[in-house]
Amino acid sequence: MNSKTAIIIYHSKRGTTQKYAAEIAFYLKKKGIESKVTSIQKFKSNDIATVDYIFFGCWTSGLFFILQHPEKEWVQFAKSLPQNLTAKTALFTTYKVRTGSMFRNMNKFLHGKTSDASLLLQSRNGELSELNKNLIDKFIE
Amino acid sequence: MQLITQQQINGFVSGSTIAIAGASRKEKSFSAEVAKHLAAQNYKLWFVNLNFEKSELTDNKVNSVSDLPQDLKHLLVLTPATETEAVVNEAIGKGINNIWIQQHSETTAAIELAHQNKVNLIHHHCIFMFTNPTGMHKFHRTLKSVFGKMPK
Numbered sequence: 001m002n003s004k005t006a007i008i009i010y011h012s013k014r015g016t017t018q019k020y021a022a023e024i025a026f027y028l029k030k031k032g033i034e035s036k037v038t039s040i041q042k043f044k045s046n047d048i049a050t051v052d053y054i055f056f057g058c059w060t061s062g063l064f065f066i067l068q069h070p071e072k073e074w075v076q077f078a079k080s081l082p083q084n085l086t087a088k089t090a091l092f093t094t095y096k097v098r099t100g101s102m103f104r105n106m107n108k109f110l111h112g113k114t115s116d117a118s119l120l121l122q123s124r125n126g127e128l129s130e131l132n133k134n135l136i137d138k139f140i141e
Numbered sequence: 001m002q003l004i005t006q007q008q009i010n011g012f013v014s015g016s017t018i019a020i021a022g023a024s025r026k027e028k029s030f031s032a033e034v035a036k037h038l039a040a041q042n043y044k045l046w047f048v049n050l051n052f053e054k055s056e057l058t059d060n061k062v063n064s065v066s067d068l069p070q071d072l073k074h075l076l077v078l079t080p081a082t083e084t085e086a087v088v089n090e091a092i093g094k095g096i097n098n099i100w101i102q103q104h105s106e107t108t109a110a111i112e113l114a115h116q117n118k119v120n121l122i123h124h125h126c127i128f129m130f131t132n133p134t135g136m137h138k139f140h141r142t143l144k145s146v147f148g149k150m151p152k
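Those sequence lines, one after another, are chains A and B. Going by this note's numbering, 20 is the number at position 20 of the first sequence; the sequence numbering is gapless. Going by this note's numbering, 13 is the number at position 13 of the second sequence; the sequence numbering is gapless.
Pulled out of the complex, with its shape left as it was, chain B reads as follows (with noise of 0.2 Å):
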């Protein structure tokens, strides 16, 4: 597996306006924890999700990456791993070049793709490890850099 650099993260997390592939509409679901840490740290969120109702489609809902708006470059992907790859095909063709992939979305299909295609790609890793993490998550952080388990 490629190493996923500091430097690929920090090009990531500098972005100010983030896209979330796979956004659910519960609550409690891991995606909707995401964003909400997300919109603490002063990112700008985007939703993408094929199931959302027409009625439902805001500002800054989509139905696809395909609907984001052209200037938008930073895609996370928090889909069932059977879907991942067609949503990273979907934001090349659509110039996105900063993907996360959060850890256990990621298939083989998919990171290999997003290399032909000279994607920012990031990785099995975890979005909440790099974005000032609070409480359970600053815990697993700090686990992570005791066993060197950060990115260099």
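With the rest of the complex left out, here is chain A (with noise of 0.2 Å):
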């Protein structure tokens, strides 16, 4: 039988985005998915034609209380996508107060690209907590 794949696609500012897909990226590989991270800047189309999950990371941007948003390169990103994707969607983030909109938010910007994303996983400091790790472990049943 094949073994189920991932890719974790992330958009990091200081680096804390980026952990967290490597922690992510790590979990699969113990959970026996093969799983492989790349940034939006270095993401090749190829990446994701036959991949079985897909994890969009962007950090979240805004006014700390309101209005969260992924960045503006995060949105580019996710314009360039090709229609109708159908592995099973992700989306994660960091951030320093609150979440807020950022789901929504990311979820709008893929509108049309992916099913609407069944896991949200969110950080503040890229660790993946036991509640991740569960959720992800439902996530990929």
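Note that these hints are calculated values from the structure, not bench results. A virtual CB, placed ideally from N, CA and C, is assigned to each residue, including glycine. Each hint should be verified, as a subset may be incorrect.
Listed below are the simulated BS3-like cross-link pairs for lysine-lysine, each with C-alpha atoms no more than 25 Å apart in a straight line [said to hold, decoys possible]:
no.: 1; chain 1: B; residue 1: Lys144; chain 2: A; residue 2: Lys96
no.: 2; chain 1: B; residue 1: Lys118; chain 2: A; residue 2: Lys29
no.: 3; chain 1: B; residue 1: Lys73; chain 2: B; residue 2: Lys61
Derived, one-sided and incomplete: chain B residues facing chain A with beta-carbon distance under 10 Å [said to hold, decoys possible]:
no.: 4; residue: Glu27
no.: 5; residue: Pro80
no.: 6; residue: Ala81
no.: 7; residue: Thr82
no.: 8; residue: Glu83
no.: 9; residue: Thr84
no.: 10; residue: Glu85
no.: 11; residue: His104
no.: 12; residue: Glu106
no.: 13; residue: Thr107
no.: 14; residue: Thr108
no.: 15; residue: Ala109
no.: 16; residue: Ala110
no.: 17; residue: Asn120
Both chains are sitting in their own frames, so use the hints and assemble them into the complex.
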């Protein structure tokens, strides 16, 4: 049986989202899922053609308490994606105070590209919490 | 998370030569700040950066950990988190047995790899705190001490 595959695509400002991406990939590998990590800058559209899971990540931009949104470069990346990707989709973000409207906005920019994300992961410091791990377990069941 | 002891830290900072993986060329980068500080503490330094051009490769600048001298046993890792595991793996292959992964560069994968190979590993700590800090770093160290966050 072929093993499942995942790609984790991140946009990081100071390295925290990048670290979070690495932690997600390592956890998936432990679960037997072949995982690749790439930044949006290095992403190639071939990378997502055949994967089973796509994790999209971006740091939370906004005014701390309100108007959280993905950064402009990530939005451009989302717009450049091909339509109707069939892989199961997850979103992840790192934040300082709260994620607020971050996931809603990420989903908005991915509309038509992927189905609505069925897993939302968030972390302040890029570490993968036990709750995160439980959510990933359910996502890949 | 496994607690880091003062003895482990002493084992690292007692070295006289340290290689810095993820050494940036930019003078205002964090790694340049670290290098300047360690040089001021009389450490002999080596710099590892995959992107060094051939012309930049001088006595103490190399492209990879495997190019470091055989007797070098202390590595400070300042790489982006996605590169840390590979650097630690290379260091272990080279026989480097004292590795400090600067806070924010550490990943579970790199930490587990180092533990499996019985390396003296320090992680989730800032090297400034343990090498005669000055200025803001000294203030951070004081705060850590006050709140009982320093290794014992």
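Hints, one by one, checked against the model:
Distance check on the hinted pair: lysine 144 of chain B and lysine 96 of chain A sit about 21 Å apart at the alpha-carbon level, within 25 Å; holds. The suggested pairing of lysine 118 of chain B with lysine 29 of chain A holds, with an alpha-carbon distance near 22 Å, which does not exceed 25 Å. For the suggested pair lysine 73 of chain B and lysine 61 of chain B, the alpha carbons sit about 16 Å apart, so the restraint of at most 25 Å is met. With a least beta-carbon distance of about 19 Å to chain A, the hint placing glutamate 27 of chain B at the interface is violated under the 10 Å criterion.
About 6 Å separates the beta-carbon of proline 80 of chain B from the nearest beta-carbon of chain A, less than 10 Å, and the hint is met. Hint status for alanine 81 of chain B: holds, given a least beta-carbon distance of 4 Å to chain A, under 10 Å. Look at threonine 82 of chain B: its Cβ gets to within about 5 Å of chain A, closer than 10 Å, so that hint holds up. The closest approach between the C-beta of glutamate 83 of chain B and any C-beta of chain A is roughly 9 Å, which is under the 10 Å cut-off, so the hint is satisfied.
For threonine 84 of chain B, the interface hint holds, since its Cβ comes within 10 Å of a Cβ in chain A; the closest pair sits about 8 Å apart. Annotation: glutamate 85 of chain B was flagged as interfacial toward chain A, and the flag holds, the nearest CB pair being 8 Å apart, inside 10 Å. The interface hint given for histidine 104 of chain B holds, since its Cβ lies 6 Å from the closest Cβ of chain A, which is under the 10 Å cut-off. Restraint check, glutamate 106 of chain B versus chain A: the minimum CB separation of about 8 Å is within 10 Å; hint holds.
Residue-level restraint check for threonine 107 of chain B holds (minimum Cβ-Cβ distance to chain A is 5 Å; threshold 10 Å). At a threshold of 10 Å, the smallest CB-CB gap from threonine 108 of chain B to chain A is about 5 Å, leaving the interface hint in force. The interface hint given for alanine 109 of chain B holds, since its Cβ lies 4 Å from the closest Cβ of chain A, which is under the 10 Å cut-off. Checking alanine 110 of chain B against chain A: minimum C-beta separation of about 9 Å stays under 10 Å; hint holds.
The beta carbon of asparagine 120 of chain B comes no nearer than 22 Å to any beta carbon in chain A, farther than 10 Å, and the hint placing it at the interface is violated.
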